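Colleague: All chains should be built: construct the whole structure from the sequences, respecting the hints.
Read off the chains here:
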Amino acid sequence: MHSDWILALIGGSLIGIAATILLAANGRIFGVSGILYTSLTSRAQAGMQAPLIILGLILGGVVSFLISEDLFINTSDRSLPIIGVAGLLVGFGTRLGSGCTSGHGVCGISRFSFRSILATVTFISAGILTVVIFNMIKG
Amino acid sequence: MKQGLITIIVGFLFSVGLATSGMTQPGKVIAFLDIFGNWDPSLAFVMIGAIGVHAISFPLVTKRKTPFFSDSFQIPDNKTIDRKLLLGAFLFGIGWALGGYCPGPAVASIATFDSSVILFVGAMILGMLIQGKLAARS
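The listed protein sequences derive, respectively, from chains W and D. Reminder that position 54 of the first sequence reads as 54 in this note's numbering, one-by-one numbering, no gaps. Reminder that position 74 of the second sequence reads as 74 in this note's numbering, one-by-one numbering, no gaps.
Warning: the hint list may mix true and false statements.
Listed next, with one range per pair, are the computed distances between beta-carbon atoms [as the list claims (entries may be wrong)]:
no.	chain 1	residue 1	chain 2	residue 2	range
1	D	LEU87	W	ASP77	23 to 31 angstroms
2	D	PRO59	W	VAL121	34 to 42 angstroms
3	D	THR80	W	SER3	40 to 48 angstroms
4	D	PRO59	W	ILE6	25 to 33 angstroms
5	W	GLY139	D	THR66	51 to 59 angstroms
Rough simulated footprint, nothing fancy, chain D against chain W, three-plus residues with beta-carbon under 8 angstroms [to be verified]:
no.	region
6	12–19
7	55–64
8	82–93
Covered stretches of chain D, going by a simulated chain W footprint (3 or more residues, C-beta under 8 angstroms) [unchecked claim]:
no.	region
9	13–27
10	30–42
11	58–68
12	88–101
13	107–113
14	121–132
Since the hints were derived computationally from the structure, they do not count as laboratory data. As the structure is a prediction and not an experimental result, all values here were calculated from the model. C-beta: ideal position from N, C-alpha, C; glycine also.
Modeller: Below, the structure is given as structure tokens:
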């Protein structure tokens, strides 16, 4: 149990360091949903910044997966239709709300943005409520 | 060239951080949200670590006039609390709890080539594009 907490703290610190380097180097906020959307929709002249971050995220996943497949273990037991609906909601919701766990949850809270704090409280509460209801329906 | 390399490394570090922290394990994410059931609070430490580092570094970094490789800082200055923000966050929260992935960990997990990850990422991109189309129409 405690080793989980320590790994979470180390991983979280790495996330904070990465967000700091991006801010210092390029002046940008590390929000994955926004970066992903930009890299899908922007013209080439908008620069390669967003696609390169996504490339880095994928490569980091590849190396982590090669080091330990357990880091990606999926015990959630969700059916594919549920996963499809989940993905649609995450994509639609993060664009409508202008951010996700990284943009609002980490970067926004770190600069004490009231908008981001409110968004984070909202998505965590919605998540808690969803798990309660899902478990009730599942029985 | 140098900026491009730094940008890739930043994405890489972020992704290794996500994988180390447990955020790429959907069962763990769902257990973190299951506070009335089998609650696993360990992922709270991801936020504590990330916010701890970034809350200290943010004011230090933005004390500079400009970033190292660009002309200006692009910090969101929108302060409006509106329905879009709250409804968006609410829908995202539902999806997060149903799938166990938020956008960063989903992209980092492409490496697994797991069918549920690929489906999730495809559906997520579709959801983003649908929202973009609807926003452009209104």
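Colleague: Would you list, in rising numerical order, the hints stated earlier that this structure does not obey?
Modeller: 2
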